[in-house]
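K.L.:
Each chain, letter by letter, is given below.
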Amino acid sequence: MSVIDYFIKNIGLILKLTIEHIEITLIAVAISTVIGVAIGIFITRYRRAATAVIGIAGILYTIPSLALFGILIPFIGIGLKPTLIALILYSQLALIRNTFVGIIHIDPSIREAGKGMGMSNWQFLRMVELPVALPVIMAGIRTAAVMNIGTATIAAYIGAGGLGWLIFRGIASVNSNQIIAGAVPVILLAVGVDYLFILLERALTPAGLRH
Amino acid sequence: MSDTIIRFDRVSKVFPEGTRAVDDVSFDIFDGECITFVGPSGCGKTTTVKLLNRLVEPTGGRIWLNNQDTAQTDVIALRRSIGYVIQDVGLFPHMTVSQNIALVPRLQGWSEKKRNERTEELLHLVSLDPATFRDRYPHQLSGGQKQRVGVARGLAADPPVILMDEPFGALDPITRAQLQDEFLRLRRRLKKVILFVTHDMDEAIKLGDRIAVMRSGRIVQFDTPRKILREPADPFVRDMVGREGGIKLMKLLRIADIMDPADGMTIPADRLSEAERRMAESGKDILLAVDKEGRFRGTLSYEQFIRSEHPGDATQLDRTCPVVEASDRVDTTLENMLKHKRVWLPVVGEDQKLRGIVTLTHFACFFSAVETLSGGTP
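Protein chains in written order, with my numbering: chain H, 1 to 211; chain B, 1001 to 1378.
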């Protein structure tokens, strides 16, 4: 049986797992964005905390994913929950750092003008800092999303579902068709999401900053 | 004096690391005045003006704006009532020119229609064509254009007071002079209190009604440009003014400041026959003819008068004599006189009425007065 035959025969399953994979990634990215951007903004206000916070996020990022799952399973068990927690933790470095850098690199004269004109902290954040930092924050979200697709594949090992399931099953049963049926969609997904975010980044960059 | 708008009462600012940026400074600023703060870098001039909109909080003394203690005023409301223009302009890069200008009005909840009208008006005011510039982004503007937008933004909500922190400092000399001239034109149209920081004494002299010369956090002299040029308080101020005090003063003064009235030299244009008697009485051999409204009609010299076959005929008048306006600058007038080899010129007002006469002697007196008063050596 060729790979193509396997694909056609199992198209329902592959689609279901693909959607599952996208769901896991989407939920993780959404939650990590809220948390990461909030923390990123917070440390622009409390600069002294910045080094420590980014340092911790950096350490989390270096933990191998299987090891992280290993630590989480005794406390939370297996399945979607530890997977999401792991994905969110991994995403924090890209999101916190990009939000922080995007905001603190805004020209000091812009900051002074905004303050001197009588903008409140909140108005300045909403009307100036976030729009100007948006391209950089979007790049962080892109990194997180692509990384999450990869890590979510491994999470199939702890029962999260998604396309990783096909790969692990294929390895266990020495079924290369099955492995490929899992691997190819994951690769396409990662490349596709990356490209999608590049387009999104471009679309969301304010016109005045596109030059 | 008119109403006090701003009062600094023994204001000091000591930064946490111990720098005494502003040291026990007191002054009053009156309605409609433009005050230039000038001094070397680190003298506290920028800190002084930032104390007003509380970008810097004082560590001592009190500041009053319209009889209100600024420390008791809501800081956001305070800043919105004070226009703010800075050297690096600080336009928001993601907003168009009109969005930048209309920002404070937007924060204050103006309707879109009103904001658009105001933006239009302000762009005209700063000599930018609204149709061309309204929708441009800051990165599409030249340095001079950016600062024009910066000035328009500072004026947007029509604040009674404007702080300008070296607004023209980063511009090339030509653009700079151009914006200075427009600043002066703008000031005649809008009666606002302006605090203008500069490190350039020439700019301070050109733009200020009064100048605060600062050094080491203190105001060394707070006076009109003429007073500072003629009577610098100490060697530091004299150094700031530079060696060319007389030339600078000349740029500042108008013909009206140095001319003499034409008393005894005038003759009604319809009574030229009396010329001989008037010349005898006044001891002058030239008379200036004026019509009933006092407008200058021409000159009549003794030779012309006696050579004439019909003394008293209006055709004797020399109508080719150029005139100078009382509001003309002293330096350009002197240059014109030298160029056209005139030793004297009649001075008229804007209404063409004869106001007086200016001679090369007046210039000589002016210069000798400057030299003695400023104690300068030739």
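There could be a bad hint or two in this list.
Ranges between beta-carbon positions, derived for each pair [what the hints assert, rightly or not]:
hint : chain 1 : residue 1 : chain 2 : residue 2 : range
1    : H       : R210      : B       : I1247     : 47 to 55 Å
2    : B       : E1244     : H       : S109      : 39 to 47 Å
3    : H       : S109      : B       : D1331     : 58 to 66 Å
4    : B       : D1158     : H       : A38       : 32 to 40 Å
5    : B       : F1027     : H       : S109      : 37 to 45 Å
6    : B       : L1190     : H       : A207      : 51 to 59 Å
7    : B       : F1236     : H       : L60       : 54 to 62 Å
8    : H       : L60       : B       : V1014     : 41 to 49 Å
9    : H       : S109      : B       : I1174     : 19 to 27 Å
10   : H       : R210      : B       : F1030     : 43 to 51 Å
11   : B       : P1160     : H       : I56       : 30 to 38 Å
Dumping the calculated BS3-like pairs for lysine-lysine here, alpha-carbon to alpha-carbon at most 30 Å [said to hold, decoys possible]:
hint : chain 1 : residue 1 : chain 2 : residue 2
12   : H       : K115      : B       : K1114
13   : B       : K1114     : B       : K1227
14   : B       : K1206     : B       : K1192
15   : B       : K1227     : H       : K115
16   : B       : K1292     : H       : K115
17   : B       : K1284     : B       : K1191
18   : B       : K1251     : B       : K1227
19   : H       : K115      : H       : K16
20   : B       : K1227     : B       : K1113
21   : H       : K115      : B       : K1284
22   : B       : K1191     : B       : K1353
23   : B       : K1114     : B       : K1251
It is worth saying that the hints were derived from the structure and are not from the lab.
Computed from a predicted model, the values in this text were never measured in an experiment.
All C-beta atoms, glycine included, are put in the ideal place defined by N, C-alpha and C.
K.L.:
Work down the list of hints and note, for each, if the structure agrees.
P.N.:
Now the hints, each set against the structure:
{"no.": "1", "hint": "H:R210 x B:I1247: 47 to 55 Å", "result": "49 Å, holds"}
{"no.": "2", "hint": "B:E1244 x H:S109: 39 to 47 Å", "result": "33 Å, violated"}
{"no.": "3", "hint": "H:S109 x B:D1331: 58 to 66 Å", "result": "36 Å, violated"}
{"no.": "4", "hint": "B:D1158 x H:A38: 32 to 40 Å", "result": "38 Å, holds"}
{"no.": "5", "hint": "B:F1027 x H:S109: 37 to 45 Å", "result": "27 Å, violated"}
{"no.": "6", "hint": "B:L1190 x H:A207: 51 to 59 Å", "result": "32 Å, violated"}
{"no.": "7", "hint": "B:F1236 x H:L60: 54 to 62 Å", "result": "59 Å, holds"}
{"no.": "8", "hint": "H:L60 x B:V1014: 41 to 49 Å", "result": "43 Å, holds"}
{"no.": "9", "hint": "H:S109 x B:I1174: 19 to 27 Å", "result": "23 Å, holds"}
{"no.": "10", "hint": "H:R210 x B:F1030: 43 to 51 Å", "result": "48 Å, holds"}
{"no.": "11", "hint": "B:P1160 x H:I56: 30 to 38 Å", "result": "50 Å, violated"}
{"no.": "12", "hint": "H:K115 x B:K1114", "result": "24 Å, holds"}
{"no.": "13", "hint": "B:K1114 x B:K1227", "result": "44 Å, violated"}
{"no.": "14", "hint": "B:K1206 x B:K1192", "result": "17 Å, holds"}
{"no.": "15", "hint": "B:K1227 x H:K115", "result": "36 Å, violated"}
{"no.": "16", "hint": "B:K1292 x H:K115", "result": "61 Å, violated"}
{"no.": "17", "hint": "B:K1284 x B:K1191", "result": "45 Å, violated"}
{"no.": "18", "hint": "B:K1251 x B:K1227", "result": "14 Å, holds"}
{"no.": "19", "hint": "H:K115 x H:K16", "result": "52 Å, violated"}
{"no.": "20", "hint": "B:K1227 x B:K1113", "result": "47 Å, violated"}
{"no.": "21", "hint": "H:K115 x B:K1284", "result": "67 Å, violated"}
{"no.": "22", "hint": "B:K1191 x B:K1353", "result": "28 Å, holds"}
{"no.": "23", "hint": "B:K1114 x B:K1251", "result": "41 Å, violated"}
In terms of the numbered hints stated before, the structure departs from hints 2, 3, 5, 6, 11, 13, 15, 16, 17, 19, 20, 21, 23, listed from lowest to highest.
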